[in-house]
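If you read the protein sequences in the order shown, they are chains A and D.
Counting from 1, position 415 in the first sequence corresponds to residue 415 in my numbering; the numbering is continuous, with no gaps.
Quick note, my numbering runs 1000 ahead of the 1-based positions in the second sequence.
Just so you know, these hints were derived from the structure itself, not from any lab.
Check before you lean on any hint, since a few could be wrong.
Claimed, not checked - Just some of the chain D residues that point at chain A, by a computed CB distance under 8 Å: (1) L1165; (2) S1172; (3) V1176; (4) N1177; (5) S1248; (6) P1250; (7) G1254; (8) T1256; (9) L1403; (10) D1404; (11) A1412.
Beta carbons are placed, not taken as given, at the ideal position from N, Cα and C, and that holds for glycine.
Number of protein chains: 2
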Amino acid sequence: MKLSSYIGLYCLLFLTFWPLSAQAKVFNAESFKLENGLEVIIIPNNRAPVVTSMIWYKVGAADEPQGLSGMAHYFEHLMFKGTDKLAPGEFSRTVKKLGGNDNAFTGQDYTAYFQTIAVEHLDKMLAMEADRMVNLKVPKEHFISEKKVVLEERRQRTENDPKGLFGEQMRSALFVNHPYGTPTIGWMDEIKGYDWEDVKIFYDAWYAPNNAVIIISGDVTIKSVKPLVEKHFADIKPKELPKRVRPSVPKAIGQTKMILRHSSIHQPSFSKVFLAPSFQNAKKDALALQVLEQILSGGPTTRLYKALVVDNKKAISVGLSYNGTASDYGTLSLFGTPVENGDLDTLINDIHAEIKALQVNGVTAKELEDAKQQLIDSAIYARDSLSGPAMTIGQNIMTGSTLDDVENWPEAIQAVTADEVRNVAIKYLTLETPWVRPAITGYLYPETKTKKMKDAK
Amino acid sequence: MKLSSYIGLYCLLFLTFWPLSAQAKVFNAESFKLENGLEVIIIPNNRAPVVTSMIWYKVGAADEPQGLSGMAHYFEHLMFKGTDKLAPGEFSRTVKKLGGNDNAFTGQDYTAYFQTIAVEHLDKMLAMEADRMVNLKVPKEHFISEKKVVLEERRQRTENDPKGLFGEQMRSALFVNHPYGTPTIGWMDEIKGYDWEDVKIFYDAWYAPNNAVIIISGDVTIKSVKPLVEKHFADIKPKELPKRVRPSVPKAIGQTKMILRHSSIHQPSFSKVFLAPSFQNAKKDALALQVLEQILSGGPTTRLYKALVVDNKKAISVGLSYNGTASDYGTLSLFGTPVENGDLDTLINDIHAEIKALQVNGVTAKELEDAKQQLIDSAIYARDSLSGPAMTIGQNIMTGSTLDDVENWPEAIQAVTADEVRNVAIKYLTLETPWVRPAITGYLYPETKTKKMKDAK
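Make a model of the complete structure from these sequences and hints.
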């Protein structure tokens, strides 16, 4: 919602898969459900008398009606614009006055609101969340002014940034017929066109206790939280929720290349994005893809980086990135930037050779064990933070995983075999065949007159 | 509806813009409207006691709900599957028994049903059309079996045809965020998923007298037709119609190239498709684009063909094709196939050079006059046919033009200036700039092992 933290969260949510954590149960989270369908998850952590309290709604950019792209994110802004009891902006002012901070973010599959604050104010936070779940009353002038805020946000981050626009286009070309191809912030023209009535329909349809999950991380127990949640939320009636329509991406044929030469680009680079499974649609493949990602580019000693940056000095960056935390589809991206005066096509060939070697020969036992250990170790660090665990659990629950999936993730990673890793590399990193899963290769080049002419064909 | 004629119509509707016709009024059509909103257009032609009777509904593939692509076309099939009075298939059997023939077709912006038959049976035809406008009763087993028919149709024409699939992908890549990017027949997975309930909702929403236009061409007058139409349709109640949601295509940056090498391809070829205005959204530009199309590739003596096929013998085919008969967007396509052993990139460069020459120097007075005369002449031929005029008027009325636009088209073409032609060439055939209207270049190559490796980058 506030620009700076929105950007930070955006990166966190869309560019990385936050590893879920280590050992028997990672977070020792507990949960309960109210009769109206509201789920509550508690992650006890009593090192300080502080909580992060989040409410996640199962509605995101991918649930927007045709022609109203960006509505979920815009609506997130409006949730701060007043209720029967609170004036516009008073929600955040109240949090601040009590020494806390708050924010919100929108993804393709969810929208979430959170506060980090002294545990004694949790009661007040839940009261305010319950209030805006049902009593939102946005004055018309804020409906209008907030549109301008969002349009400016889009201008700054995308519209005036060739690389930003280009990235959007790559997503659109990959996710044919699927709302993941539409940017979360929405298309410029459609943001301009929102009606007051659209907003009301959106709120009435999706904001309900049976479409929400509260996640509280910090100095709390089920016993301390349950009475507070019941006090504020138990009387809110559930709604009949709309069906979430999520079409499938049709199979693709041939190669798609997108090329941008622009004066704002200083070094050539590429990224090749493949459609991949999410945890939701192929859990075992998703786990093997996490291990593959770690083996190929989990650090300075792993395959791609070691071969092309450290040993051969052909690239200044290179890697594979997997994101499987989504309801419908994940993505798998190869990317790289050659050293100065290095040739991009040569680098791509070298990366392909590394991938092919892995597809033919598989991975070594040591690579496999190292990668698993690094992933599992990362789960230990995840416990340290207050908001991190709430974020991890929220993202996973919202995209179709269970609390058990999150808690038992280290065992699931431990069980991945070398054959499984090789098989997902063969299955999803399809470099050559004409009948393939959709894959888009994007090329960024500094602008040069001759090259520009050449590419115009 | 029937496969063979469906293909023929598909070509007519989507690949060509049928020139509208010549002189004061082209068709001398007349029209009237019933109180329930049903429009009726009569095109008198008394050379034989025969009529083509069409009913056009203002609903097409671009109006389908998300996830139900192909519904408009599938529903067109179901319209032949029975009413309270008629058994499945009886509609067409009746037409045949009376010596006529019937068919139907679906586009992005409309669905149309027609019969060509002796004028004495027009009464019966209108009775049956009125009946299926309100009383459709499709037995469940036909709902199921017709899905198989449509799936087979898609398999034959697209799914098993690499070039068909590739063409679909090019459309999807061009029409980002717009339903024109979805094939009229629908995506395989979505056809499989139709529910009985979806069909009923679609019929109830769109099939109504105030969403239809009847066009009758042949041995009729307003006086002879009006009583018949009133008898069958006047009692049908109008409906409140859904809003047609037509999003806009976001601006694009960079170049998009799609490449297919496949064993089924025997000669290299390319097509470069630009987003262009439709008549509906920029009438003057659309008229100038029709003249531009004629000047560049309207016949063996026009620019592209003469330069590259006749004089330099570099191509076996080359051309520019403009289609502006659409509610939202038109397309402008450059295409070509080099002579045997000719180089595709060289041909593309040569075509670009011809386009650039026109953008710099404009067109000659003779070229302009010849092109206009050819277009206007073509309107004279259009009068000869019975169904042609009904088709032309239907397509244009359904995509936002008026009857006057159609009737006065020759004058409008006559008024196009050389500057207007040059300006639309500059504005829409954008070959080089990084910030462009969306344009997609598709390359088809015969499969060769070495090239295949090269392109995998």
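Hints breached by this structure: 9, 10 and 11
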